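S.K.: The listed protein sequences derive, respectively, from chains A and B.
Quick note on the working numbering: the first sequence kicks off at 1 and runs consecutively.
Quick note on the working numbering: the second sequence kicks off at 1 and runs consecutively.
Bear in mind the hints are in silico, worked out from the structure with no lab data behind them.
Model, not experiment: these values are computed from the prediction.
Where a beta carbon is used, it is the ideal one built from N, C-alpha and C, also for glycine.
A couple of the hints might just be wrong.
Stated by the list, open to error - To spell it out: a stretch of chain B is covered by chain A in this simulated footprint if at least three of its residues, at any positions, have a beta carbon under 8 Å from a beta carbon of chain A; those stretches are:
1) 22 to 32
2) 78 to 87
3) 158 to 170
4) 195 to 206
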Amino acid sequence: MHYSPAPLHIPDGFLNISVSLVCWALTVITLSVAVSRTNRSLGEKQVPLMGIMASFIFAAQMINFPVAGGTSGHLLGGALAAIVLGPWAGMLVMTAVVAVQGLLFQDGGLLAMGANILNMGLLTVAIGYGLYRSVLNKSQATRLTVAGIAAWLSVMAGALATSLQLWLSGTSNLQTVVIAMLGVHAVIGLGEALVTVAALGFILRTRPDLLGEGSASAEGGRGWVVAGIVVSLLVVLLSPFASADPDGLNRVAIDLGFIHVGQSSSYQIIPDYTLPFLGATPLSTILAGAIGIVVVGVIIFLLGQGLKTKS
Amino acid sequence: MHFDAFDRYHDTQSFIHRLEPRVKVVVTIAYILSNALLPDGAWIAFGLAWLFLLSANVLSNLGITFTLKRSFVALPFALVAITVLFSIPGESLSAFHFLFWDLTITDMGLLRFVSILIRSWLSVQMAILLVATARFPDIVHALEHLRVPSILTTIIAFLYRYLFVLVDEVFRLLRAREARSAAAAGERSGGSVAWRAGVAGSMAGQLFLRSYERSDRVYNAMLARGYTGHLNTINPHELRRVDYLTTALALIIILFFQWVGRL
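Modelling step: build the complete structure from the supplied sequences, incorporating the hints.
M.R.: So, in structure tokens, the structure goes:
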């Protein structure tokens, strides 16, 4: 069988408990917005369609092309899914793909699946769709160019997020992992961009109706443009910072209080990351984490509301 | 290709196979969670967790080394953890020069590195055992019982159900490309890397259109067979007393690992 693991799937054991749970929480909150949005806007017919589209992304990852020296590249699909299926459906489809890769093929862990879905299913879709949406009414050449840039950036975003999670878990040295991950994925991303552009070009030539007015591809609100640009800017600004000046990022992390997560191993309870009235117990850390999750959740929920009203 | 070509299920009769899928999903997740919570260097707890895994292997009638043989899939990822060997302060064990870095392996770094590998190795084996002892559609059904939104479980069920159809389609596309990629002896076929990536992209676009059009036919065929938006199963999926007892016992044992790990 042609199934080949991609280097972004984090197995269990490599992320510590706080990072895993925070990523799971971010993923669950975003997905629940996606579920309620798609439940409202889609008929029962769209669910089988999305299922088969998830199958399509999975199968499309098996179409490989020789690069050099026996290595081959293949599609990851986040940006392509977002552009042809629309943002929320794209997120659900990519989530299903990552879930099956982890559950069935052990390509990526179960506890780490929250992070994997976030990196490969949600960030990629936000960038892929957001940037493409910003040029929706422009010429075909512009749309394809931006789609290519979005595909490249979406791979870089996944790689950067993976690196940061590994660093925060105390599994990797920040500078090394960022340079290695971004270096490898800058090349993988080129393949992703070429394949995505060619696939979109092919669809535009044969079935332009699937990407035109009134199609899923045009349904996302303008809020996506903002989301896509913000995430892209974060990637563009954070990557050189993290690789050239890791001390700078460390300092920011100290200022924001993140660094305790980074330095703690999976069990150590750092006093600053607990609730004072409970003392340094695991319960306290979990509650502190839960409060952080709720705060982030409210932000994402408000963001979701904003995206909804604008659409 | 057969419809269950991708399932990792090993059909046999055993105590674990007969357990309700929900039980297996919950215990697997609890076990992986427990591994993540165990402190670095909790060797006794890691050892007990390994014994737990071995007994699960035996109880599943697949042979004591069943998961061991398949457990190295996550190993390449260990590369990303190598830097902890050098970056955690501690007593120096060995210092050497590599390219243009002076590297020192510390005892704390080594402890952390080995702990990460053990956690990963134990967790991946339990996940392997889960898919070997429960059919994938049953696992998806269990997820639905465990309150995963049904839109997501339905998408996953469809993904799994039609994957073999689309993979057959991929094989046809790959064979067609192969058939058109002739080259004279000693010459390389095809153009530049970018050109080859473009061809792969066109194939992905083609696959998309075929999948899209097929989804229409699939939906119509399902309607004709009485599809109402919900996937049914003939498996009872009832929790019996043995399921409750097994879950409780397994969770108590896993809690015990946590206690041992913190002694």
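S.K.: Quick one: which hint numbers does this structure break? Sort them smallest to largest.
M.R.: none
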